[in-house]
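Number of protein chains: 2
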Amino acid sequence: MKLYMTESSGNAYKPRLLLEMLKVPYEKIILDTKNKENKQAPYLAINPRGQVPALEDEGHVFWDSTACLVYIARKHGGERWLPTDPAGLAEVTQWLALSNNELHYGLQWARGVNNKIKQGNVEEYQGYGKQGLAVLQGRLRNNDWLALGRPTIADLACYPYVSVSPEGGFKLDDYSAVQAWMKRVEALPGWVKRA
Amino acid sequence: MKLYMTESSGNAYKPRLLLEMLKVPYEKIILDTKNKENKQAPYLAINPRGQVPALEDEGHVFWDSTACLVYIARKHGGERWLPTDPAGLAEVTQWLALSNNELHYGLQWARGVNNKIKQGNVEEYQGYGKQGLAVLQGRLRNNDWLALGRPTIADLACYPYVSVSPEGGFKLDDYSAVQAWMKRVEALPGWVKRA
Numbered sequence: 032m033k034l035y036m037t038e039s040s041g042n043a044y045k046p047r048l049l050l051e052m053l054k055v056p057y058e059k060i061i062l063d064t065k066n067k068e069n070k071q072a073p074y075l076a077i078n079p080r081g082q083v084p085a086l087e088d089e090g091h092v093f094w095d096s097t098a099c100l101v102y103i104a105r106k107h108g109g110e111r112w113l114p115t116d117p118a119g120l121a122e123v124t125q126w127l128a129l130s131n132n133e134l135h136y137g138l139q140w141a142r143g144v145n146n147k148i149k150q151g152n153v154e155e156y157q158g159y160g161k162q163g164l165a166v167l168q169g170r171l172r173n174n175d176w177l178a179l180g181r182p183t184i185a186d187l188a189c190y191p192y193v194s195v196s197p198e199g200g201f202k203l204d205d206y207s208a209v210q211a212w213m214k215r216v217e218a219l220p221g222w223v224k225r226a
Numbered sequence: 032m033k034l035y036m037t038e039s040s041g042n043a044y045k046p047r048l049l050l051e052m053l054k055v056p057y058e059k060i061i062l063d064t065k066n067k068e069n070k071q072a073p074y075l076a077i078n079p080r081g082q083v084p085a086l087e088d089e090g091h092v093f094w095d096s097t098a099c100l101v102y103i104a105r106k107h108g109g110e111r112w113l114p115t116d117p118a119g120l121a122e123v124t125q126w127l128a129l130s131n132n133e134l135h136y137g138l139q140w141a142r143g144v145n146n147k148i149k150q151g152n153v154e155e156y157q158g159y160g161k162q163g164l165a166v167l168q169g170r171l172r173n174n175d176w177l178a179l180g181r182p183t184i185a186d187l188a189c190y191p192y193v194s195v196s197p198e199g200g201f202k203l204d205d206y207s208a209v210q211a212w213m214k215r216v217e218a219l220p221g222w223v224k225r226a
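Protein chains in written order, with this note's numbering: chain A, 32 to 226; chain B, 32 to 226.
Each hint should be verified, as a subset may be incorrect.
DSSO-like mimics (lysine-lysine), calculated; alpha carbons at most 27 Å apart, straight line [to be verified]: (1) A:70 x B:214; (2) B:106 x A:106; (3) A:106 x A:149; (4) A:202 x A:54; (5) B:54 x B:161; (6) B:202 x A:147; (7) A:65 x A:33; (8) B:161 x B:147; (9) A:161 x B:149; (10) B:147 x B:67; (11) B:202 x A:149; (12) A:67 x A:33; (13) B:54 x B:70; (14) B:70 x A:202; (15) B:147 x A:65; (16) B:65 x A:161; (17) A:202 x A:33; (18) A:149 x B:147; (19) B:65 x A:147; (20) B:161 x B:65; (21) B:106 x A:70; (22) A:106 x A:147; (23) A:106 x A:161; (24) A:149 x B:214; (25) A:202 x B:149; (26) B:224 x B:161.
Reference listing, derived: stretches of chain A covered by chain B, where coverage requires no fewer than 3 residues with Cβ under 8 Å from a Cβ of chain B [claimed, not checked]: (27) 112 to 123; (28) 152 to 163.
Honestly, the hints are just simulated from the structure, not real lab data. Using N, Cα and C, we set each Cβ at its ideal position, and we do this for glycine too.
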């Protein structure tokens with residue numbers, strides 16, 4: 032299994048966490064994004080978005096972080112990390128969607144503006160990110176994990192951008208249940224620091 | 032099965048299309064969003080985002096359009112609309128992710144600015160939306176459907192915001208394979224117009 036990534040990418044960190052937790056051997060292909068290797072033809076043939084991550088395995092290629100998580104979880108994680116019954120799969124999916132919506136376009140875009148890697152209206156992104164944090168807090172106030180009462184890929188999808196959200200101007204002290212959940216994720220066997 | 036929706040919502044249109052195509056009986060609960068019924072306590076207890084759609088069935092509640100699609104497809108669509116083998120599920124998932132990323136924050140946000148229902152930098156959103164359309168066009172140039180060589184929920188997730196993207200300033204004439212695919216979606220048995 033080959034994971035195209037950078038050490039700093041939050042989206043690449045998601046499948047990395049799962050691979051490490053499941054102890055799946057994989058080859059790291061580190062892209063030279065400073066020299067825009069990710070925007071050149073050889074990599075665009077793998078990932079038409081020109082982003083990381085992408086995953087290659089047994090002739091399959093997946094160019095989206097959520098798809099990578101789903102593939103790895105179903106191939107190597109049995110029913111534990113992503114079950115296939117209708118309600119279980121849908122419950123995990125709604126948190127994957129939160130990570131693709133409020134957490135990416137709120138938390139991460141606000142961080143991008145603050146870190147001067149993207150332009151935009153930081154107040155707008157912060158407002159949207161706070162909606163996402165409020166939904167997380169509402170769930171985690173009475174639950175240890177986002178879905179199904181156990182760690183699933185829902186937690187691994189949401190954790191990376193929450194963990195660096197203070198760089199986007201978010202005060203996690205206002206979300207104590209989210210902070211406690213981050214500690215639980217970081218205590219999972221196989222957890223690794225981003226970079 | 033109860034679907035909380037509005038007739039005009041693109042995100043609610045996604046599960047509506049699937050319910051109609053699978054001939055699943057469901058009750059439409061139309062929210063009075065003009066009077067902000069969706070932002071008041073009774074509905075926020077169902078959907079903490081305060082948005083449509085939400086789906087209620089047999090004691091389960093899902094408050095995200097992708098989760099609704101996944102639940103309906105797994106409960107009523109067998110393996111046809113969303114298979115559970117690792118590669119098949121991941122292939123569909125990457126297009127669900129495109130619909131949650133470039134299509135929502137590109138196509139739909141540009142449309143929102145043009146229709147004066149949201150503020151923001153329309154050029155930024157248009158640039159992002161064009162990236163999404165280019166990925167769709169690249170896939171559909173040589174394939175009739177987004178995933179697995181057949182209609183899946185990938186197509187139903189991506190179709191709604193593409194179909195109204197001209198309101199966001201996108202010229203679909205530049206994406207002939209996308210136009211041909213839209214016609215194929217509209218010819219699927221059970222397809223309904225949005226509103």
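Each hint, compared with the structure:
1. With a C-alpha separation of about 32 Å, the suggested pairing of residue 70 (chain A) with residue 214 (chain B) is violated against the 27 Å cut-off.
2. Between residue 106 (chain B) and residue 106 (chain A) the alpha-carbon distance is near 22 Å, which keeps this suggested pair within the 27 Å criterion.
3. About 36 Å separates the Cα atoms of residue 106 (chain A) and residue 149 (chain A), which puts this hinted pair outside 27 Å; it is violated.
4. Taking the CA atoms of residue 202 (chain A) and residue 54 (chain A), the gap is near 34 Å; set against the 27 Å cutoff, the hint is violated.
5. Pair hint residue 54 (chain B) plus residue 161 (chain B) does not hold up; C-alpha atoms about 34 Å apart against a cutoff of 27 Å.
6. For the given pair, residue 202 (chain B) sits about 31 Å from residue 147 (chain A) by alpha-carbon distance, which is inconsistent with the 27 Å threshold.
7. Under the criterion of a C-alpha separation no larger than 27 Å, the hint pairing residue 65 (chain A) with residue 33 (chain A) is consistent with the structure, at around 21 Å.
8. Only pairs whose Cα atoms come within 27 Å are accepted, and residue 161 (chain B) paired with residue 147 (chain B) is accepted, the gap being roughly 20 Å.
9. Proposed proximity of residue 161 (chain A) and residue 149 (chain B) is supported: the alpha carbons are some 18 Å apart, at most 27 Å.
10. Straight-line distance between C-alpha atoms of residue 147 (chain B) and residue 67 (chain B) comes to about 18 Å, which keeps the hinted pair within the 27 Å bound.
11. The suggested pairing of residue 202 (chain B) with residue 149 (chain A) holds, with an alpha-carbon distance near 26 Å, which does not exceed 27 Å.
12. About 20 Å separates the Cα atoms of residue 67 (chain A) and residue 33 (chain A), which keeps this hinted pair within 27 Å; it holds.
13. Note on residue 54 (chain B) and residue 70 (chain B): the hinted pairing is violated, with a Cα-Cα distance of about 31 Å set against a maximum of 27 Å.
14. Distance hint between residue 70 (chain B) and residue 202 (chain A) is fulfilled; the C-alpha atoms sit about 24 Å from each other, no more than 27 Å.
15. A threshold of 27 Å between alpha carbons decides the hint, and for residue 147 (chain B) with residue 65 (chain A) the separation of about 38 Å lies outside it, so the pair is violated.
16. At roughly 23 Å between alpha-carbon atoms, residue 65 (chain B) and residue 161 (chain A) fall within 27 Å of each other, so this suggested pair holds.
17. Of the supplied pair hints, the one linking residue 202 (chain A) and residue 33 (chain A) is violated, its CA atoms being roughly 36 Å apart against a limit of 27 Å.
18. For the proposed pair residue 149 (chain A) and residue 147 (chain B), the alpha carbon gap of about 24 Å is at most 27 Å, so the pair holds.
19. Straight-line distance between C-alpha atoms of residue 65 (chain B) and residue 147 (chain A) comes to about 38 Å, which puts the hinted pair past the 27 Å bound.
20. Of the supplied pair hints, the one linking residue 161 (chain B) and residue 65 (chain B) is violated, its CA atoms being roughly 31 Å apart against a limit of 27 Å.
21. A threshold of 27 Å between alpha carbons decides the hint, and for residue 106 (chain B) with residue 70 (chain A) the separation of about 40 Å lies outside it, so the pair is violated.
22. The straight-line distance between the Cα atoms of residue 106 (chain A) and residue 147 (chain A) is roughly 38 Å, outside the 27 Å bound, and the hint therefore fails.
23. For the hint linking residue 106 (chain A) to residue 161 (chain A), the alpha-carbon distance of about 34 Å lies beyond 27 Å, and the restraint is violated.
24. Of the supplied pair hints, the one linking residue 149 (chain A) and residue 214 (chain B) is violated, its CA atoms being roughly 36 Å apart against a limit of 27 Å.
25. Under the criterion of a C-alpha separation no larger than 27 Å, the hint pairing residue 202 (chain A) with residue 149 (chain B) is consistent with the structure, at around 26 Å.
26. Restraint check: the Cα-Cα separation between residue 224 (chain B) and residue 161 (chain B) comes to about 24 Å, which is no more than 27 Å; the hinted pair holds.
27. A count of 7 residues in the region 112 to 123 of chain A with a Cβ less than 8 Å from any Cβ of chain B is obtained; the coverage claim is therefore met, three being the minimum.
28. Check result for the region 152 to 163 of chain A against chain B: holds, 3 residues qualifying (beta carbon to beta carbon below 8 Å, three or more required).
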